[in-house]
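Participant: Below are the chains, spelled out letter by letter.
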Amino acid sequence: MNINLVKSIASFIGAAGLSILFGGILLLSFTNAAGKSVQLHIIFGLILLFIGVGFNSRSIWHYFKSQKGKHLIYAILIMSLHIYIIVCINYISFKNRKRIDYTQTKKFTLSDKTINLIKNKLDQDITLIMNENIHENSLRDLNELINQFKYHSKYIKVKRYHPLKDPNNAAILQRAYSLKPSHLLIVASETKGTSIDKGPLIDKGTKRITWFKTEQAIYNSLLNTINAKRYKIYFISGHGEPSTTSKSRNKPNVTQLVNWLLNENYSVEEINLNKLDKGIPKDCDVLAIINPTRRFQKNEIEIVDQYLRTKNKEGKKGCLFLALGSNYEQNHKGRWDWISTGLEELMIEYGIQFNANMIIEPTLTIKQMGMTSIYLPSNHFGKHPITEPFFHNKVSLALKGSTRSLSPPKQSRNTRRLMGLITSSTESKEIIDLNGFTNSVKKRRLNEYISKIESKNHFISIASTDPKPNSKKRKNLTADDFDPNSAKVIGIGNGLFLNSPISEAARDYFSNSIKWLTLENDLIGTGTDISKKVSFVIPENKEWIYKEIIFYLMPLFWIFFGGIVWWRRKN
Amino acid sequence: MIAIYAIAKKELQSYFYSPIAYVVMTVFLIITGILFNTTLESFQSEFTPDHEPMEVIYGSSFWITQLILIPTITMRLFSEDKRTGYIEVLLSAPVKDYEVVLGKYFGASIYYIILWLPTWIYVYILFQLTTPDIGPILTGFLGVILIGLFFTSIGLLASALTKNQVISSVICFCIIAIIFSIGKLKEKVENETLSTIFQQVSLLDHSLDFSKGIIDTSYIIYYISVIVLSLFATVRILESRKWS
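So the protein sequences, as listed, match chains A and B. Mind the numbering: the first sequence is residues 1198 to 1768 in the working numbering, read in order. Mind the numbering: the second sequence is residues 16 to 259 in the working numbering, read in order.
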């Protein structure tokens, strides 16, 4: 046989071996496991490569001994050295990279609180398991957010699954973490996993995730997973309060609210004040009284008062979330009177007055576009200095049912108490401190706030806390001027909207309130302001000008310019 | 330095003396014009998009223009000189190989930047209509320039490999397509390190980040290092003619 033909065939076999070897290495990289197929690829590839090299060894030897061969080896070595240096530089720069967010609202930046948690408090690997069976827009946003988490901590790992594209992997995860199709993420450590539902986080219209809410959800799940402090919330029962466990549609219950609290790493328990020997338990972080319908006895009110005044082991006074129900009875004149629960008087001590004179008449509602109920306040509501600004804005004090307003008492015993306004909805996520001591300041602040919100459901309550003991400021106090260990109270005129089924906006409101009470202030609106969507209308008289510029003037300019150059060169 | 400047100037002149420069510019402005007009219309509709207005041109559709522009700009850099034999004249002149490479690279890069400058008229129109966030526009434009310079260096390398302009442009086109689409592989691989590498190498993700208003320092280092590597490899290829 012709020796050249043998050498050519051997070269071909060698090249094939190189390809198979390369394929094996790729397989090894992609599947992350050296299976039998990978081993076969590598072994078979190496054998063929050796055959190819063996039959052509003399030619190869001669080539590399020639001047050209020596240059080639030198060039390959130099290039390899350069590539190595460049890979090292890139590795170092990747490990020490900085991501700078140049958007006006810093919308792609995690809050300081989250960064602090993932940078300083994580000491174990946390895997974020992502459900990729979501809309493309949501997936892109979620990736961006997860990248931010990854960027700040080496302990954050990511796994992805798609139940339709990769059912096997999804089945494994399903067994390990009780996956459901509604889950967006699982935040898992070696021993524990917390799921995050996609429902409340993905905007149904734009199909994009709400950045700050998703960040908040991941933050809470991280806390839950790494066993950080769990706040305990006690729900009072025994006065007609809705059940925390019942799922009956006919009976009022707050089961959804409680389930949500459990998902958010809170621990929840129901207590009856009459059955308590030693007052409210010492581990109580927040006492929740939601929609009682019967009057509290004197000793029960004293227990609540005692809880608010006494410091716990951490030196912190009590926190109360009080939402009063809708209790009216008709008097002999045919007017509806408020049935007192007895807590109203106690609340005056804390600067909160439940004012029956400011009832928003439930009958005075109109339907907006057949969709949303708007509560029309009665005239005296509009005249009150605090609530007047709401009169012309479609903001009600509760989502559904008849409702009352809250106001600071005219003569509060302690004029240094903060009167705060907590609001929340899917778009608003802030506490507005109404600490002006004159009605005009309060009014101005409210007006500023109202100018920011639109005609969407917002929830309003009055919050109370004390300034720092050494604070001499009496006006324009900020959140930093308040004593974090003082008693904190949030009062709601009508808490019927907290009953199941709870709306997303109501849940946000409740979430923000609880976080304020548990001193997790930073979590209230962990994200940035949601950027205003860019939208415009091109005036008709300008539309054709813009189109002329875009489609004719700009492209034709270069043709014209090219023509001049060509003509000048020709002459 | 003077040699680099002279070669860059000559290269830039040769772009503007040839009709292809104007054809490329016109086609480019028609494509970006269509994209911009679509953007304007989408922001007037009831369901306005959530992204920044210039994100389409500087981000999500940026790869379309790159695939067309870069091979067209770079294919003739060395291939043409090799085919006509002018390269021998150039390299026998008292200039160093690296000066020739840098001169040609700067010439092509300046032409690329000139190509993108008219898109600021779109930004001006946008400011007439609304007040967009200037941050993402500036970072988006920076991304366009940096990624363009990155690909220009690769195009220059492809051009040095062959004397056939078509082959040179095909090589360049393939490399750009691979680098843009390699990010898709990150979803396929199980190995997390490899997935991170793919994500880091993929320029589609980079251009989206820039157009959203995010600057990642590691991207910039990556571009600079690949530009240096490509230019170095081009110099070695030019030197290889002396080997035999």
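Be a bit skeptical, because a hint or two may be false.
[As the list claims (entries may be wrong)] Now the in silico label distances, taken between C-beta atoms and shown as ranges:
id: 1; chain 1: A; residue 1: 1241; chain 2: B; residue 2: 45; range: 46 to 56 Å
id: 2; chain 1: B; residue 1: 79; chain 2: A; residue 2: 1297; range: 47 to 57 Å
id: 3; chain 1: B; residue 1: 38; chain 2: A; residue 2: 1241; range: 30 to 40 Å
id: 4; chain 1: A; residue 1: 1309; chain 2: B; residue 2: 17; range: 13 to 23 Å
id: 5; chain 1: A; residue 1: 1266; chain 2: B; residue 2: 17; range: 36 to 46 Å
id: 6; chain 1: B; residue 1: 25; chain 2: A; residue 2: 1742; range: 34 to 44 Å
id: 7; chain 1: B; residue 1: 185; chain 2: A; residue 2: 1360; range: 51 to 61 Å
id: 8; chain 1: A; residue 1: 1394; chain 2: B; residue 2: 45; range: 27 to 37 Å
id: 9; chain 1: B; residue 1: 200; chain 2: A; residue 2: 1742; range: 27 to 37 Å
id: 10; chain 1: A; residue 1: 1215; chain 2: B; residue 2: 257; range: 40 to 50 Å
id: 11; chain 1: A; residue 1: 1364; chain 2: B; residue 2: 45; range: 37 to 47 Å
[As the list claims (entries may be wrong)] With a straight-line cut-off of 27 Å between C-alpha atoms, the simulated DSSO-like cross-links for lysine-lysine are:
id: 12; chain 1: A; residue 1: 1267; chain 2: B; residue 2: 97
id: 13; chain 1: B; residue 1: 201; chain 2: A; residue 2: 1354
id: 14; chain 1: A; residue 1: 1356; chain 2: A; residue 2: 1304
Rather than coming from a laboratory, the hints here were simulated on the basis of the structure. Beta carbons: idealized from backbone N, C-alpha and C, even for Gly.
Participant: Hints first: check each against the structure and report whether it holds.
Facilitator: So, going through the hints one by one against the coordinates:
no.: 1; hint: 1241/A <-> 45/B: 46 to 56 Å; in the structure: 52 Å, holds
no.: 2; hint: 79/B <-> 1297/A: 47 to 57 Å; in the structure: 27 Å, violated
no.: 3; hint: 38/B <-> 1241/A: 30 to 40 Å; in the structure: 51 Å, violated
no.: 4; hint: 1309/A <-> 17/B: 13 to 23 Å; in the structure: 52 Å, violated
no.: 5; hint: 1266/A <-> 17/B: 36 to 46 Å; in the structure: 37 Å, holds
no.: 6; hint: 25/B <-> 1742/A: 34 to 44 Å; in the structure: 39 Å, holds
no.: 7; hint: 185/B <-> 1360/A: 51 to 61 Å; in the structure: 40 Å, violated
no.: 8; hint: 1394/A <-> 45/B: 27 to 37 Å; in the structure: 47 Å, violated
no.: 9; hint: 200/B <-> 1742/A: 27 to 37 Å; in the structure: 45 Å, violated
no.: 10; hint: 1215/A <-> 257/B: 40 to 50 Å; in the structure: 29 Å, violated
no.: 11; hint: 1364/A <-> 45/B: 37 to 47 Å; in the structure: 46 Å, holds
no.: 12; hint: 1267/A <-> 97/B; in the structure: 25 Å, holds
no.: 13; hint: 201/B <-> 1354/A; in the structure: 14 Å, holds
no.: 14; hint: 1356/A <-> 1304/A; in the structure: 24 Å, holds
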